[in-house]
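> With the hints as constraints, model all of the structure from the sequences given.
Numbering (the working numbering), first residue to last: 2 to 204.
By construction, these hints were calculated from the structure, which means they are not laboratory data.
Take the hints with a grain of salt, since some may be wrong.
Unchecked claim - Below 27 Å or equal to it, Euclidean Cα-Cα: the simulated DSS-like pairs (lysine-lysine) are: (1) Lys154 <-> Lys188; (2) Lys176 <-> Lys50; (3) Lys72 <-> Lys188; (4) Lys188 <-> Lys50; (5) Lys88 <-> Lys197; (6) Lys154 <-> Lys50; (7) Lys88 <-> Lys135; (8) Lys148 <-> Lys193; (9) Lys135 <-> Lys75; (10) Lys135 <-> Lys200; (11) Lys119 <-> Lys188.
Stated by the list, open to error - So the derived label-pair ranges between C-beta atoms look like this: (12) Lys135 <-> Val98: 26 to 32 Å; (13) Lys200 <-> Gly140: 37 to 43 Å; (14) Pro99 <-> Ser142: 25 to 31 Å; (15) Asn131 <-> Gly199: 28 to 34 Å.
All C-beta atoms, glycine included, are put in the ideal place defined by N, C-alpha and C.
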Amino acid sequence: MESLARGGTRWKRFAVVMVPSVAATAAIGVALSQGALAASFSVSGQQFKLTAERIEAEGFTQYGAVDSTAKGVKPVTVVGMNSADIKGLCQSVVVPVPGFGDVSMVLGAGDKDPVVAKKLYVDADVLSANATFKNIDIGVSVDDTTKGPGPHKGDKYLPGSFAQQAESAVLTDVKQRAWATTAGTFKLSGLKMSVKTGKHECY
2 MESLARGGTR WKRFAVVMVP SVAATAAIGV ALSQGALAAS FSVSGQQFKL TAERIEAEGF
62 TQYGAVDSTA KGVKPVTVVG MNSADIKGLC QSVVVPVPGF GDVSMVLGAG DKDPVVAKKL
122 YVDADVLSAN ATFKNIDIGV SVDDTTKGPG PHKGDKYLPG SFAQQAESAV LTDVKQRAWA
182 TTAGTFKLSG LKMSVKTGKH ECY
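Below is the structure:
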């Protein structure tokens, strides 16, 4: 499919770009329920939050999918990047412990030297950022994406469904609520981790 937008494209809030990808997951859920797609990959079912001051990505792909959990399926937008340099990364997860209360695990990295990731995929259901894309294609079939890493092996997506891709992307003031993150390599410079009682999240 030909691109609906070309060249350098800038959106004030990246959340607008997610809408078609998330909407496409309704059809995927139906296909799963009818047995048309296998649900072999299972995530923990525990969501976590991510923030980043700045992400510079080469090779960007985004498409709708579902993650399988013990409690059912979760519709997500999958963001894939061939490579990414991430400044000011924060990741937090709050785990409710029966009889004890909430326990928060917070990870930080990339304050000085950036976090470097290769073949990075993030499965998110909430995402906002300021974004600039280079040579973006909106409305391409997920099976025909060539600029980014393409669909992740094992992802449950509807063949031929909506996707978008770009040669590169710069995202700032990034906030995500995610269910899974995978990467071929993930180098965290200046890694810090803390465990605290109560609810302590990145945002």
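> Hint by hint, which ones does the structure fall short of?
Violated hints: 3, 8, 9, 10, 12, 14; rest satisfied.
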